[in-house]
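Protein chains in written order, with the numbering used here: chain A, 1 to 481; chain B, 1001 to 1481.
Since the hints were made in silico from the structure, they are not lab data.
Worth double-checking, as some hints may not be accurate.
[To be verified] Selected chain A positions facing chain B (Cβ under 8 angstroms, derived; list incomplete):
id, residue
1, R53
2, T54
3, L153
4, F171
5, M175
6, G177
7, P181
8, S313
9, D322
10, L331
11, L389
12, M402
13, C437
14, G441
Beta carbons are placed, not taken as given, at the ideal position from N, Cα and C, and that holds for glycine.
2 protein chains.
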Amino acid sequence: MIHSINDSPLFPIANPRSIAFFGASNKMTTMGTIQMMSMKELDYQGRVYPIHRTEKEVLGYKAYQSVADLPEVPDLAIIVLPTGIVSQTMDECGRKGIKQAIVISGGFKEVGPEGAVLEEELKKTAAAYGIRFIGPNCIGVANPHLKLNPTPLPYEGDPGYIGMVSQSGSFVTQMFGYLHPMGLGFSAAFSVGNEASIDMVDCMEYFALCEKTKVIAMYIEGIRRGAAFIEMARSIVPKKPIVALYIGGTETGRKAGFSHTGAMAGPDDLYEGIFRQSGVIRAASITELFDFCWTLGNLPAPKGRNVVIETHSGGPGANAADAMGRAGLALPDLSTATQEKLRPFFPPTASISNPVDMTFSRNGQDLFSVIPETILTDEKAHNLMMYILPQGRMMMRQLSAMGLSGDEAAKEIVKMIDQQAESVIGLLKTSGKPIVCYTYGNRNDPLQQKLIAGGVPVFSSPERAAAAINALITYYENRLK
Amino acid sequence: MIHSINDSPLFPIANPRSIAFFGASNKMTTMGTIQMMSMKELDYQGRVYPIHRTEKEVLGYKAYQSVADLPEVPDLAIIVLPTGIVSQTMDECGRKGIKQAIVISGGFKEVGPEGAVLEEELKKTAAAYGIRFIGPNCIGVANPHLKLNPTPLPYEGDPGYIGMVSQSGSFVTQMFGYLHPMGLGFSAAFSVGNEASIDMVDCMEYFALCEKTKVIAMYIEGIRRGAAFIEMARSIVPKKPIVALYIGGTETGRKAGFSHTGAMAGPDDLYEGIFRQSGVIRAASITELFDFCWTLGNLPAPKGRNVVIETHSGGPGANAADAMGRAGLALPDLSTATQEKLRPFFPPTASISNPVDMTFSRNGQDLFSVIPETILTDEKAHNLMMYILPQGRMMMRQLSAMGLSGDEAAKEIVKMIDQQAESVIGLLKTSGKPIVCYTYGNRNDPLQQKLIAGGVPVFSSPERAAAAINALITYYENRLK
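Can you build the whole structure from these sequences, using the hints too?
As structure tokens, then:
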């Protein structure tokens, strides 16, 4: 175990001051070019040296015929070349003195015995120069905090706190647009590919020491160093949560994973045991993987398994109660004192047990202010889950019918929604208790967007919310063991 | 069992030519007014008679002091009044000769013994005049085909094919905006509330005979007539699928459901048995309920449990393979002949087993045309699942780099996306095999929107897609038994 992040071979890979780039040209459809375009688009501030036999300039960067010609020894080489010339290129990098590389190129171990021979050759070449590298057969790295994104898809959104370790490049580069609307982003992300030199355990070590990383997310097709994984995870979990999706546990997943990165998967039970032993929270899908990061990264430690559901609609409340029960969470009644305090804000037919169901008929703003505030003062309310409904169209109709012009009504609605969101965001900060929302409304809803921007997770179903709250609770329970 | 839909008491309720409306006024914040506003907004073409003691006009409709004064006997009375005057109003309706009603008002059985007494009184009053009614404690009906929506939320989207039977009003009125972006809508929807007169089984009977209904969706907190439910479901399932969400199976769900509509829930096993015996497909969430309607309503009968996954990214392919395996679906390899036919369209490192993984490097349009077309000719390919990625931003960047202006590039992208969508939509029609897509992209993506508009379900995760394909397969398997 290293003591400083600077000692990790991944530090210069994720934080390079200069990059030699092999395989980009001015032909806009090749992989290498597409990746360099992403890097340029995000405006990486380090020095970029395209290596190209004939071009004088690549995407506006001065190009060099050979890595030997570079004016300095770059921190990192990125190689996106045909399989057959990768080892030779690695050798040239070694001779220049480069110590870190990313091999994007595929055609190695994942394609069969012939590729495995090439991979061995590549490893030997790198080892001869003491080069540590990510890949082959990967997408490499993204570090939005450094504006570094040499992956195919354009980066979207702000830098975030998720440290991603992935045996799939897609779950790095194709997730930018998925995470952004959730207000999430990567602290950094590594696509490890065939793990010929640097593997997932090395990445975990890096993120353990990375100050920008609040949660480690892992997409796993097969762990190569089981004992090291457990040891590393155990040392991290008391400080930072790790969430993992393992897809090699089914016959169909195992087979697809092997042809993808050549990873050897094991039975589902075995992995379940590894995760359990090491305190890793297991996700059942990509959806859960990032949902769990959301609650674990945004919310405070809960005091227990109790959840209070606040709703203004019976069905969504009952549905959520059922989902919470299935997820193993408890729904205690509020104390009599709390119920007394809430009574004045409720119509006579409303239920003040749990779900706390306001029904449709009183002041809607109470649902975002005095009611959740009062609920959160109850000792039995460890977590709060709020049902929200996009009401813009309905409000607009009502305000128009009351005689407001379209503009006046729109302004009024923005004001109301701002108040609602700010109130909940404030409660999240002041109460010290986890708050999540769920809705069947879509992501374009301004209330949802404002809550998310303010750090309140909003899930598209009570089942997703229940699983994510359960992950949060389970993590803190494990820490106490 | 009735033989004509006209014999159902729900026919005049869902297709009224005229409505007496109690409880709407010109005060914009009351429930009744809000409901009448929705009706007005959707432009219901029947005759609307607000009954109001003092107003001369309500929301632009001529108002009447008493139902006795109406110039005709309306097909339907909608009652949104304080609990205490509901029975008396029902009596007035009876004296006028009205035979159908919806009682929106709550405060009956769901609030306890006192309310139960009021509910008995209401039933007796209605029975004395031979009135059948929905409710109390419900939202009533929506029939978008008739532009009839006396529910609180504005109707969104087109009329559809889902016949909704719900013990929650929210899962009628609050679902309009949820279903619309999926290209789905209701044929009609009934919120049954406390089921004092008309119950879920009556609604099933109506939808069995409704030509606009392709799938029946049910939200259930507790079935009151178990034997009748099973008999009715059994008679319907050979012709139309029924999908049901039951939420009373957990202690938390049972308790919440009871305080919501006073329904007596039973153990989960019992309901599992009821659904299994009657061929009803069980959904585990609202998400699944409508996902299953999507595949069952849009897609042809599959020939078996085999699914072929098409992807251009290894991780999403392996992840989907795992999800399919967990859902009990099979992923056979394609025949050698099919693989030979596909080979020319694939780069050498690509996998042509299953998942069929094109990787990133060739002509992207092939993924929507010749490749799926060839896959679908394989006898072993019973179902096709395609991974899609929103590529607009990346395409825009590339075309701009190639020298196209912003406008030219945008035009080119629209053309490419149109071709992609049309090709897949065409294959769905010509192949006679189910096709679904999955993506981590968001609903604003134009490719996704076009596919959905053309009838291709696009799911936000492979897990959702797997569950929905499994529901489709299971329904047709059950029919063969």
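Cross-check of the supplied hints:
For R53 (chain A), the interface hint is violated, the least distance from its beta-carbon to any beta-carbon of chain B being 21 angstroms, above 8 angstroms. Taken as an interface hint, T54 (chain A) does not check out: its beta carbon lies about 19 angstroms from the nearest beta carbon of chain B, beyond 8 angstroms. Hint status for L153 (chain A) relative to chain B: holds, with the closest Cβ pair at about 6 angstroms, below 8 angstroms. This hint holds: F171 (chain A) has a C-beta 5 angstroms from the nearest C-beta of chain B, less than the 8 angstroms allowed.
At a threshold of 8 angstroms, the smallest CB-CB gap from M175 (chain A) to chain B is about 7 angstroms, leaving the interface hint in force. Interface hint status for G177 (chain A): upheld, as the beta-carbon distance to the closest one in chain B is roughly 6 angstroms, under 8 angstroms. Taking 8 angstroms as the C-beta contact cut-off toward chain B, the hint placing P181 (chain A) at the interface holds, the least distance being around 6 angstroms. A distance limit of 8 angstroms between C-beta atoms decides the matter here; for S313 (chain A) the minimum to chain B is near 4 angstroms, and the interface restraint holds.
Taken as an interface hint, D322 (chain A) checks out: its beta carbon lies about 3 angstroms from the nearest beta carbon of chain B, inside 8 angstroms. At about 5 angstroms, the closest approach between the beta carbon of L331 (chain A) and any beta carbon in chain B falls short of 8 angstroms, and the interface hint on this residue holds. Hint status for L389 (chain A) relative to chain B: holds, with the closest Cβ pair at about 6 angstroms, below 8 angstroms. Given the 8 angstroms rule on beta carbons, the hint for M402 (chain A) holds: about 5 angstroms separates it from the nearest Cβ of chain B.
Among the interface hints, the one on C437 (chain A) is violated; its C-beta lies about 15 angstroms from the nearest C-beta in chain B, farther than the 8 angstroms criterion. Contact between G441 (chain A) and chain B, as hinted, is supported at the beta carbon level, the nearest pair being about 6 angstroms apart and thus within 8 angstroms.
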